[in-house]
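The listed protein sequences derive, respectively, from chains B and X.
Counting with this note's numbering, you get residues 106 to 413 for the letters of the first sequence.
Counting with this note's numbering, you get residues 335 to 587 for the letters of the second sequence.
It is possible that part of the hints are untrue.
[Said to hold, decoys possible] Footprint (simulated), chain B over chain X, 3 or more residues, beta carbon under 8 Å: (1) 442-455; (2) 572-581.
[Claimed, not checked] Incomplete in silico selection of chain B near chain X, CB under 8 Å: (3) P154; (4) L158; (5) V160; (6) R165; (7) G201; (8) L202; (9) E235; (10) R238; (11) L244; (12) R248; (13) A250.
No wet-lab data here; the hints were simulated from the structure.
In this text, a Cβ means the ideal position worked out from N, Cα and C, and glycines have one as well.
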Amino acid sequence: MCHAGARFIALRITDRKADNSRLPSADPRAGPGTAGHRAITLRRCKTIPLYALLVRYGFRKHATYVWATVAGAFTNSVFGILRAYILIALWQARPGLAGYDVTQAVTFCFITQACIGPMQLFGTGLTIPERIRSGDIALDLVRPASLQLWSLAEDLGRAAYLFFARGIPPMLLGAALFGIAHPAEPGQWLAFLAGFLAGVIVSFAWRYLVALSVCWLIDDRGVGAFSLVLTTLFSGMLLPLSLFPGILGDLARALPWAAMVQAPTDLYLGKAPVLETLAFQGCWAAVLLAAGALGTRAIRHKVVIQGG
Amino acid sequence: MIELDRAGRSFKVKRSLKLEGNLVHAVRDLSFTVAPGEFVGYLGPNGAGKSTTIKMLCGILTPTSGRVRVAGLDPSRKRTTLARRIGVVFGQRTTLWWDLPLRDSFELIRHLYKVDRNVFKTRLDELTETLDLGGFIRTPVRQLSLGQRMRGDLAAALLHAPDVLVLDEPTIGLDVVSKSSIRAFLRRLNTEQGTTVLLTTHDLGDIERLCRRVMLIDHGRLAFDGTLDELMATAPEQSTIEDVVTRLYTGSR
Numbered sequence: 106m107c108h109a110g111a112r113f114i115a116l117r118i119t120d121r122k123a124d125n126s127r128l129p130s131a132d133p134r135a136g137p138g139t140a141g142h143r144a145i146t147l148r149r150c151k152t153i154p155l156y157a158l159l160v161r162y163g164f165r166k167h168a169t170y171v172w173a174t175v176a177g178a179f180t181n182s183v184f185g186i187l188r189a190y191i192l193i194a195l196w197q198a199r200p201g202l203a204g205y206d207v208t209q210a211v212t213f214c215f216i217t218q219a220c221i222g223p224m225q226l227f228g229t230g231l232t233i234p235e236r237i238r239s240g241d242i243a244l245d246l247v248r249p250a251s252l253q254l255w256s257l258a259e260d261l262g263r264a265a266y267l268f269f270a271r272g273i274p275p276m277l278l279g280a281a282l283f284g285i286a287h288p289a290e291p292g293q294w295l296a297f298l299a300g301f302l303a304g305v306i307v308s309f310a311w312r313y314l315v316a317l318s319v320c321w322l323i324d325d326r327g328v329g330a331f332s333l334v335l336t337t338l339f340s341g342m343l344l345p346l347s348l349f350p351g352i353l354g355d356l357a358r359a360l361p362w363a364a365m366v367q368a369p370t371d372l373y374l375g376k377a378p379v380l381e382t383l384a385f386q387g388c389w390a391a392v393l394l395a396a397g398a399l400g401t402r403a404i405r406h407k408v409v410i411q412g413g
Numbered sequence: 335m336i337e338l339d340r341a342g343r344s345f346k347v348k349r350s351l352k353l354e355g356n357l358v359h360a361v362r363d364l365s366f367t368v369a370p371g372e373f374v375g376y377l378g379p380n381g382a383g384k385s386t387t388i389k390m391l392c393g394i395l396t397p398t399s400g401r402v403r404v405a406g407l408d409p410s411r412k413r414t415t416l417a418r419r420i421g422v423v424f425g426q427r428t429t430l431w432w433d434l435p436l437r438d439s440f441e442l443i444r445h446l447y448k449v450d451r452n453v454f455k456t457r458l459d460e461l462t463e464t465l466d467l468g469g470f471i472r473t474p475v476r477q478l479s480l481g482q483r484m485r486g487d488l489a490a491a492l493l494h495a496p497d498v499l500v501l502d503e504p505t506i507g508l509d510v511v512s513k514s515s516i517r518a519f520l521r522r523l524n525t526e527q528g529t530t531v532l533l534t535t536h537d538l539g540d541i542e543r544l545c546r547r548v549m550l551i552d553h554g555r556l557a558f559d560g561t562l563d564e565l566m567a568t569a570p571e572q573s574t575i576e577d578v579v580t581r582l583y584t585g586s587r
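Only chain X is shown next, with the shape it has when bound in the complex (with noise of 0.2 Å):
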């Protein structure tokens, strides 16, 4: 479903008036593959090249080398199609319209992916009862607690149902309770429906919970890729996964 294969992504950063700029790399060599149906978690220390990385994903950059594929797609280059079969979440960001209510912003979403009215309908009120929206779905969006607007984040970007579903950080700042709601509705999501889920997140609770593989990236290349048992088994001195994952951070640079 998703395909790197020695994906890298540089930027020039001007310093001062000097014309020529230092290069300095985001990503570099990134390769690895998610299959259908999978449900991952990206780590990485801030600045390892995670959101880069999504962008990547997205279409939004494009990769300065190798190759990146999702849902068999260059991004990049068919970025529009693309849009129809991946949906992206940035926790810390939102697609909602602030000044109106929920619904609406549904609706547009219902006319930028052109999803059919009776199927949106059907999709709408499933999503509504697994977030439970129903009580703020009327509300205009900026009167929503932060839970609440992350629960109306994620149904729109699920309406046009994508097969593959990229989360940055989805539960910053949320309390427990919402926390553990969303949690149970990704689960349900991969489970039931399928859906392939890229998770990037500092919450390792998240990973523990959620993410059957955890992919680790340090200064924009791949640090871990295995099982959540494997990653553990990196340190066995440490009983923690906040240990295993500080050791590697720290250990890696």
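One chain only, chain B, in its complex shape (with noise of 0.2 Å):
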């Protein structure tokens, strides 16, 4: 976590100087003999209960629909169902289409389908466009925390229920009704669940860029729509991306979106090698991240607050 890493660093100065200007007893919240690096220490420590907190509640929050839930993984396991007729009716007719036989297929069809909800494909999944355009951002920014963790860590929440809710049932009935290809060893297994995390990151980084550019647009559905097709086609939602021919192909799988759906997925399969996949995503996680850190900040200083 960087952010906590800047703070340690902060801190570590600012209570450098304390020491310096100062009796340690002098300041109310030190306890008797207690040496500013301890106090450091234990101020840094603070700060990821808060996060786990956060990550809790995302769960807890989206824990609360039920139904919403139960219809969610519904249609996602009868879309399952009707792409793996359509990717079955392919491979029959070209075998060995993008490296994959026919099990390996429907297997990727039923993964993807797993992310939909975990990786929100179809949609922000973040109320910060909402609360931008409504002016509730300005008690987000009231807070001593960063945005940018205070979303991830509520989103990582709300992606760990949607894996249990949404994620495994299609997956299952994908089992049931075709039989599924499944990680042999428990490395990959591993590797697939890492990637998953590393998937949603991006997403959540992704998504986090698209929903701050309400701030700039005042309107997030022409990027949002915008956001719906990048998403769909090249995190190989719609195909596996090995389909795609020539340039366009290894550009899809140079992008971010292939992080998102098709790197999972391929560590499933074993189609990937682990660390360079791992790496890839990570890559990505990080710059997406760094660009939201940008943008968190930009908003802070610049742009007008709407409404109150």
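Hints are included, so try docking the two chains, each in its own frame, into the full complex.
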């Protein structure tokens, strides 16, 4: 967590200043004999429970709406079945397409269906655009916490809930109806889960950027629609990216959306080198989160906060 | 506690596709000081610059000119440090988690402001008693009435024991009973704990019953600053505070 790191450094500097200027006991918050350094480590550790709590609240917040989740899981499963039949027809006509056999193609279909909820492939999943429009964002900006980390923690909680509620059901249904492939060894499962988590983080980082654009564009529907097209096309949601020919294929596999659906699915199928794939996802997560951090700083300083 | 020295904030408003926009001054050359322990009413017609002032006080808007200090800090530069010393309530918005019990929002605030567990417990017990939260503290916020939610929001803003409390229309939409309980609570908070309160409202009953001092802002400038009696004396021919304020609002246009 780079934010915690930054705070750590900042605190260290201020505490040193405090040490020079006054006795430690003059600080009402410092206990007797508390060395500046120990106080720092304690305060640093206290940031983590906040974000851990936010993950939990994000999970619970979404767990409140059971029937919405059931409907979502049902839809994801039914469309999974439809897509599976289409892919089966395609792979029967062209066996070995994209390096997958029929079972792998069907597996691909159900894993991608499982990604829809946790990675919010069709929508923002963030309340930020709405809060910017209503002016509620002012409250978020008053808080002594990073808006981006705050939203990320909440979003991870949401994704965790949807992974269980909308990710597992389509996979189980796919396994029961068509028989899908599954990782042979625990290491591959682990790689898949790590890749899935990285995919969720990249998806968050992207959606966060889309959400922040409201600050400049007032309305997020245009950007949202644009993002929807890019995400469905380039994440591998529509078709495996290895089906894309030539330069388009190379480009698609290098873009951030490939880190969302294609990468975890390939890790699940054992079709991609583990470390390289995770590094690819990590890079995009870092780049997009950094852009989000810059964007957050920009809205703090520049943008008119509407309403109120 | 609060100090504004010729503070101003202007916004560029873009018209159609023209690149250069019109400059709108939401607040200009605003100077006032609020001493620790004061209870000040901050009045002004819609669009006068009240909310802009409040946003500058919490550090979410940087003044484009002049100087702002709250608790000795520059809000926009020391926002995080200041956040631990200031409490803010926006009556038309909520900091509470809509889907979760009220208690959970408080727990999050404990972590956010890093309040010690025991201090937090004592403080929450106090607030639960004075704001009468006991009956609904385990109820999800979306099921609360507006009056209950408002009391919850007040508690949320005070859990970290701030020195300054900034209120933006805290009694909006409340019935007479809820209003009076919130007013009683604010009065106690100010007299017993010495918390400095800046209250923005359109409800002149709030002002009459709570504020010793009144500031009136119009077109982004301070139009009046004095005691309630002095405010009434500006228009001796008027008998109610509504009429006096109406005169000030329309007279300054």
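Check each numbered hint from earlier against the structure, then list the numbers of those it violates in ascending order.
2, 5, 7, 8, 9, 10
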